[in-house]
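Residue numbers (the UniProt record's numbering), protein chains in the order written: chain D, 1 to 317; chain W, 1 to 330.
Hints listed in this document are in silico derivations from the structure and should not be mistaken for laboratory results.
All C-beta atoms, glycine included, are put in the ideal place defined by N, C-alpha and C.
Some hints could be false.
Unchecked claim - If we take Cβ atoms under 8 Å as the criterion, some of the chain W residues that face chain D in the derived model are:
1. 25
2. 96
3. 154
4. 160
5. 162
6. 169
7. 171
8. 235
9. 236
10. 248
11. 251
12. 256
13. 258
14. 284
15. 287
Residue-level listing of the chains:
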Amino acid sequence: MISFLIKRLTFGLFVLLSLSLFVFFLFFVAPGDPARVVAGDKAPEAQLQQVRENLGLDRPMPEQYLRFVTRAAQGDLGFSYRNRQPVTDLIVRRIPVTVSLVFGGVLFWLALGVPIGIISARNPGTWKDRLGQVFILLGLSFPTFVLGMLALYTLYFLPRTAGFTLFPPGGYAPFLENPAKWAWHLALPWTTLALVVAAIYARLTRGQLLQVLGEDYIRTARAKGLTERRVVYRHGMRATLTPLVTQLGADIAVLLGGVIVIEQVFGLQGVGALAVQAVQNQDRPIIIGVVMLGGLFIVTTNLIVDLLYAALDPRVR
Amino acid sequence: MGQFQTRNQKATTEAETAEAGDAPVVVQRSSASLTFRRLARDPASVIAFVFIIALVAFAVGAPLVEAWTGHGPIEQYRETALSPVGLPVGPNAEFLLGGDQLGRDVLVRIAYGARVSLLVGVLASLLAATIGVTVGMLAGYFGGWVDVVLGRLMDLVMSVPFLLCALALVSVFGPSLPLSVSVIVFFSWTTIGRVIRAETTSLARREFVQASRSLGAGHGYILLRDILPNLALTIIIYTTMLIPNAIVFEATLSYLGMGIVPPTPSWGGMLAEAGANSIYLVAWWLVVFPGLALLASTLAFNILGDGLRDALDPSARGRAVLRKKKKTKG
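Work the whole structure out from these sequences, hints included.
Set out below in structure tokens:
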């Protein structure tokens with residue numbers, strides 16, 4: 001168990017290190033002069049030189065990298081080229097929006113995907129299963145932003161033109177100020193994010209459960225006279241949970257991608273929107289910061305998933 | 001596979017018998033023709049296949065659409081496609097699918113956009129499959145440290161925030177078609193790589209491989225002549241399944257302004273323009289038609305992929321899913 005966790009932890013650090021090397025060298029070899037972005041296009045050469053010295057851009061590459069990594073490890077990601085604010089502050093300010101989105105999204109998608117998978121697997125070949133299959137196929141095929149735009153059109157705009165407000169056009173309301181308003185604002189983004197990923201879980205749950213329900217020990221459980229409910233949820237789901245948890249770890253990257261798109265569709269000012277704006281502004285420190293944060297998020301979630309995995313499946317312990 | 005195939009053969013034999021009268025005629029069919037027959041019996045797959053053919057024709061014939069409507073893909077028809085207040089006009093006799101916010105013909109743009117989607121989708125999937133198959137076969141066949149290194153590499157690529165990395169790459173190199181394809185390839189070869197690795201590992205232990213080796217065959221020969229043909233099914237299925245993901249990936253990049261550079265039409269880009277300033281709220285056709293094109297394409301490829309899986313390997317219903325999701329741990 002301990003050695004398993006140490007292995008996973010080492011791999012997590014390895015991922016972060018590779019990621020930092022990737023972004024750092026990407027921007028080091030990149031065309032374009034950051035000093036010019038900072039000082040403006042018309043700045044004289046002397047001023048550019050000054051900026052380079054201030055930012056340490058005149059130092060040798062390995063030294064710059066080392067400094068970047070040691071500072072990043074302490075939570076210092078440098079300053080935005082555009083408005084000189086610390087990148088860490090800029091990101092932290094936007095985290096509540098993104099975390100709210102992720103939190104609700106995960107909850108919604110599990111609450112949607114797993115039950116649909118179970119219903120499908122319990123009634124294979126029936127209309128319920130067919131419906132589940134259609135849901136799976138549509139979910140797998142629907143691009144997030146198309147679904148989001150359709151949701152906004154049908155659930156915000158059409159009711160609005162009809163004279164009543166069903167859902168807000170987007171935006172964010174802080175949880176602490178008014179939880180109800182918070183949920184109301186995020187309802188559409190949550191559902192959109194969830195619908196697309198839920199399909200993967202529905203398919204996985206259905207496939208796994210179908211296979212598990214064909215196993216001998218399930219027959220034994222039925223032969224013992226257990227109720228169908230108990231057989232499915234106690235005996236069947238227990239074996240189905242492990243691959244589901246594993247999949248959750250693999251899908252965190254997909255989730256982050258979805259978050260960026262959803263923030264764009266619904267005009268949420270989260271971390272993903274920050275990254276998109278930074279790309280448009282060529283604000284490299286912010287891009288580096290967000291990529292590293294994304295990596296950290298994935299690594300941490302995967303560690304939690306590994307812990308869960310170890311708790312659920314005695315074989316890894 | 002056996003069960004299904006036998007039943008299938010029996011059915012065809014019976015049909016032939018009925019035709020030929022008393023003399024039972026056994027027709028030997030190739031694996032490809034059997035697969036095709038099985039696929040043809042699944043109406044959903046047939047519709048998906050026909051749709052894909054039509055889509056390809058539509059994309060290839062985009063200049064014909066242009067000639068027929070008389071509207072260029074990036075030309076603006078401010079007089080006819082925009083209302084006097086500057087809003088796009090809806091579908092009408094001249095602009096079958098309406099005009100966009102700059103007065104361009106949505107139909108013509110969708111036709112040219114299909115080229116981008118198909119080109120990127122198919123090209124990226126083929127490249128990703130080539131890399132995935134190569135890496136997977138090497139890792140599975142040689143095992144040992146090769147497997148450890150390549151396996152870790154795949155783990156690494158899979159646990160990276162791919163869209164953010166794509167954004168970083170675009171911010172450095174600027175958006176372009178080749179960059180879109182490279183990014184999609186880089187982040188999607190692992191799915192097929194894992195599957196191929198697992199299959200190769202078990203194939204490499206089989207008797208026919210040992211026999212080949214004892215006859216003096218080299219690694220290259222065994223990999224290409226003995227193992228690769230046995231992976232054909234898996235490769236076809238998973239490559240088909242990569243295509244819809246690649247199409248969505250490209251559209252997402254274009255939607256975020258990181259893919260195809262406007263004014264070149266792409267479905268993702270059209271949707272992004274429709275979303276900017278929420279213009280689509282007053283012009284539904286700007287979302288519905290490109291969105292529908294995108295959805296129908298990914299749906300068609302997904303259905304065909306499922307159908308192919310069932311037709312090529314009927315015993316594997318559901319098994320392929322499990323195999324893909326099973327992650328080697330520890």
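So, going through the hints one by one against the coordinates:
A distance limit of 8 Å between C-beta atoms decides the matter here; for residue 25 of chain W the minimum to chain D is near 35 Å, and the interface restraint is violated. Because the smallest distance between the Cβ of residue 96 of chain W and any Cβ of chain D comes to about 21 Å, over 8 Å, the interface hint for this residue is violated. Contact between residue 154 of chain W and chain D, as hinted, is not supported at the beta carbon level, the nearest pair being about 12 Å apart and thus beyond 8 Å. Interface restraint check: residue 160 of chain W against chain D, minimum CB-CB distance 6 Å, threshold 8 Å, status holds.
A hinted interface residue such as residue 162 of chain W counts as satisfied when its beta carbon comes closer than 8 Å to some beta carbon of chain D; here the least separation is about 6 Å, so the hint holds. With a least beta-carbon distance of about 7 Å to chain D, the hint placing residue 169 of chain W at the interface is held under the 8 Å criterion. This hint holds: residue 171 of chain W has a C-beta 4 Å from the nearest C-beta of chain D, less than the 8 Å allowed. At its closest, the beta carbon of residue 235 of chain W sits 20 Å from a beta carbon of chain D; the interface hint therefore is violated under the 8 Å criterion.
With a cut of 8 Å, the hint placing residue 236 of chain W at the interface with chain D is violated, because the nearest CB-to-CB distance is about 19 Å. Look at residue 248 of chain W: its Cβ gets to within about 5 Å of chain D, closer than 8 Å, so that hint holds up. Evaluation of the residue 251 of chain W hint against chain D yields a held restraint, the C-beta minimum of about 6 Å falling below 8 Å. Annotation: interface hint on residue 256 of chain W holds; nearest CB of chain D at approximately 6 Å, less than 8 Å.
Taking 8 Å as the C-beta cut-off, the interface hint given for residue 258 of chain W holds, the closest approach to chain D being about 7 Å. Because the closest C-beta pair between residue 284 of chain W and chain D is about 7 Å apart, less than 8 Å, the hint holds. Taking 8 Å as the C-beta cut-off, the interface hint given for residue 287 of chain W holds, the closest approach to chain D being about 5 Å.
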